[in-house]
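K.L.:
Take the sequences, apply the hints, and build the full model.
Under the UniProt record's numbering, read the sequence shown as residues 1 to 394, first letter to last.
No wet-lab data here; the hints were simulated from the structure.
Note that this is a predicted model, so its numbers are computed, not measured.
Be aware that a few hints might be false.
[Stated by the list, open to error] PhoX-like mimics (lysine-lysine), calculated; alpha carbons at most 25 Å apart, straight line:
| # | residue 1 | residue 2 |
| --- | --- | --- |
| 1 | Lys367 | Lys391 |
| 2 | Lys73 | Lys53 |
| 3 | Lys193 | Lys144 |
| 4 | Lys193 | Lys167 |
| 5 | Lys73 | Lys146 |
| 6 | Lys277 | Lys367 |
| 7 | Lys144 | Lys84 |
| 8 | Lys237 | Lys193 |
| 9 | Lys132 | Lys73 |
| 10 | Lys53 | Lys144 |
| 11 | Lys230 | Lys217 |
| 12 | Lys217 | Lys323 |
[Unchecked claim] Restraint ranges, calculated between C-beta atoms of paired labels, are given here:
| # | residue 1 | residue 2 | range |
| --- | --- | --- | --- |
| 13 | Gly295 | Gly260 | 20 to 26 Å |
| 14 | Lys73 | Pro110 | 19 to 25 Å |
| 15 | Gln194 | Pro110 | 36 to 42 Å |
| 16 | Gly129 | Arg192 | 36 to 42 Å |
Every residue gets a Cβ at the ideal spot worked out from N, C-alpha and C, and that includes glycine.
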Amino acid sequence: MRILLATVFNYPHTGGLSTHMTTLKAGLEQLGHEVETLSFSDLPYYKQQFFAKGPSFFMNRMAPGKGILLGHKLRSGMLRDMIKKKHEDKPYDIVNAQDIYATFAALETPVPTVTTVHGYMTYEAISRGSIKTESVEARVLQAKEKEAYEKTRQIITVDFRIRDYVKDLAAAEGIRVHNFIDVDQFRPQTERKQELRQKYGFAEDDHIVFIPRRLTKKNGVIYPAKALPKIQQQFPKTRLIYAGSGEEEAGLRTICEKNGTLSTVHFLGDIPHDLMKDYYAMSDITMVPSVHSEGVEEATSISALEAMGSGVPVIASKVGGLKEIVQHGENGLLVEEKDDDQIAEAVCELLRDHDFGQRLAVQARVKIEEEYSHISAATKYAAIYESVLSKVST
Numbered sequence: 001m002r003i004l005l006a007t008v009f010n011y012p013h014t015g016g017l018s019t020h021m022t023t024l025k026a027g028l029e030q031l032g033h034e035v036e037t038l039s040f041s042d043l044p045y046y047k048q049q050f051f052a053k054g055p056s057f058f059m060n061r062m063a064p065g066k067g068i069l070l071g072h073k074l075r076s077g078m079l080r081d082m083i084k085k086k087h088e089d090k091p092y093d094i095v096n097a098q099d100i101y102a103t104f105a106a107l108e109t110p111v112p113t114v115t116t117v118h119g120y121m122t123y124e125a126i127s128r129g130s131i132k133t134e135s136v137e138a139r140v141l142q143a144k145e146k147e148a149y150e151k152t153r154q155i156i157t158v159d160f161r162i163r164d165y166v167k168d169l170a171a172a173e174g175i176r177v178h179n180f181i182d183v184d185q186f187r188p189q190t191e192r193k194q195e196l197r198q199k200y201g202f203a204e205d206d207h208i209v210f211i212p213r214r215l216t217k218k219n220g221v222i223y224p225a226k227a228l229p230k231i232q233q234q235f236p237k238t239r240l241i242y243a244g245s246g247e248e249e250a251g252l253r254t255i256c257e258k259n260g261t262l263s264t265v266h267f268l269g270d271i272p273h274d275l276m277k278d279y280y281a282m283s284d285i286t287m288v289p290s291v292h293s294e295g296v297e298e299a300t301s302i303s304a305l306e307a308m309g310s311g312v313p314v315i316a317s318k319v320g321g322l323k324e325i326v327q328h329g330e331n332g333l334l335v336e337e338k339d340d341d342q343i344a345e346a347v348c349e350l351l352r353d354h355d356f357g358q359r360l361a362v363q364a365r366v367k368i369e370e371e372y373s374h375i376s377a378a379t380k381y382a383a384i385y386e387s388v389l390s391k392v393s394t
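P.N.:
Written out as structure tokens, the structure reads:
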């Protein structure tokens, strides 16, 4: 099959959607399919600025919240035109849209379209402050979600909760294919731990807690920072490393300044996905401290899967899809959301008992190999595409 993975957002970028596209593409290609990606990033820079970002920015200044709707609509139209042109040059068999506005773009072309739903678009926009709760903009965006889910030929969701959300909103049946990773790319590299610490400027005896999360409210990134003083009472050489950017960064820095830990907290910002392997390998613990926020729950976190595949003990919040992949005390530790005391206790437990952490890490790797391989997921996606195409041709 000739397959297009499409999004109105930038690609590549920091975040699960981008990682999903990259890994799915690799898996499908290993199965012999021809796969292309198309995104907002493929537009010429002047078009991005003058025909989408600029109008959206000015609309938001005049009427907060309306800019996001305008921006999505403009991006969708430009993506539609790109899909049409590329399809005319060399036809696609199917488009797998990665968001609702990419769905609308693809539906205006002759190519059969399926949609992967990664989250709760309206609630996520509310959570990050892009639109207000119960505003006209929130109602419009949710109506667009409903329309996209009703019109696409097949919905694929990354966890059961999102599948249920789509069914409740649009009476549409989704197929759940949970998130996945390249198990060959994200594998244990404990022998490189000290080499990588030296490379990135960390000491051999530092206790490194890695938090590979965008700095947004739903990711709960403030809670490890709140827990850090308690951890450092027992393990003074503990350091936090955040990989990601977002609207919570200023507040996070303020917390660290107030509790006197800023010098031991490192903000990497957005880093290439390729570098993530190094940071997993040099860390003692990876933390995924997600929280409920404006109706948004963590899906099957790709960051958690990557850490588990990399042989690093994982501490995660007991929310959403994290509960599906982490079994407390077997392949990781679960803590209550927003509970910095439990976070501190869990970190100290793993730092005190290295053997326990390694047992968790070994079991986590086994689970990833058995259940979360990108080849297994790509096989499921290909079967869905073929099923849709068989119905189109009859």
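K.L.:
Given the hinted pair Lys132 and Lys73, is their alpha-carbon gap at most 25 Å?
P.N.:
19 Å, holds
K.L.:
Could one say that the CB atoms of Lys73 and Pro110 fall in the range 19 to 25 Å?
P.N.:
Cβ of Lys73 to Cβ of Pro110: about 21 Å, so the range 19 to 25 Å holds.
K.L.:
So if I understand the rule, the pair passes when the alpha-carbon distance is 25 Å or less; does Lys367 with Lys391 pass?
P.N.:
The hint is violated at about 35 Å.
K.L.:
CB of Gln194 to CB of Pro110, is that within 36 to 42 Å?
P.N.:
56 Å, violated
K.L.:
For a C-alpha distance cap of 25 Å, please report whether Lys144 and Lys84 respect it.
P.N.:
22 Å, holds
K.L.:
Need the status of pair Lys217, Lys323: alpha-carbon distance at most 25 Å?
P.N.:
OK: Lys217 and Lys323 at ~19 Å, within 25 Å.
K.L.:
Is Lys237 within 25 Å of Lys193, Cα to Cα?
P.N.:
16 Å, holds
K.L.:
Could you see if the CB distance from Gly129 to Arg192 stays within 36 to 42 Å?
P.N.:
Cβ of Gly129 to Cβ of Arg192: about 40 Å, so the range 36 to 42 Å holds.
K.L.:
Is the straight-line distance between the alpha-carbon of Lys73 and that of Lys146 25 Å or less?
P.N.:
16 Å, holds
K.L.:
Would the hint linking Lys230 and Lys217 be met if the CA-CA limit is 25 Å?
P.N.:
This hinted pair holds, its Cα atoms lying about 22 Å apart.
K.L.:
Under the criterion that the straight-line Cα-Cα distance not exceed 25 Å, is the pair Lys193, Lys144 satisfied?
P.N.:
At roughly 47 Å apart (the allowed maximum being 25 Å), Lys144 and Lys193 break the hint.
K.L.:
Would the pair Lys193 and Lys167 pass a check requiring their Cα atoms to be no farther apart than 25 Å?
P.N.:
Measuring from Cα to Cα gives roughly 45 Å; hence the hint is violated.
Hints 1, 3, 4, 13 and 15, counting from the list given before, are not met by this structure.
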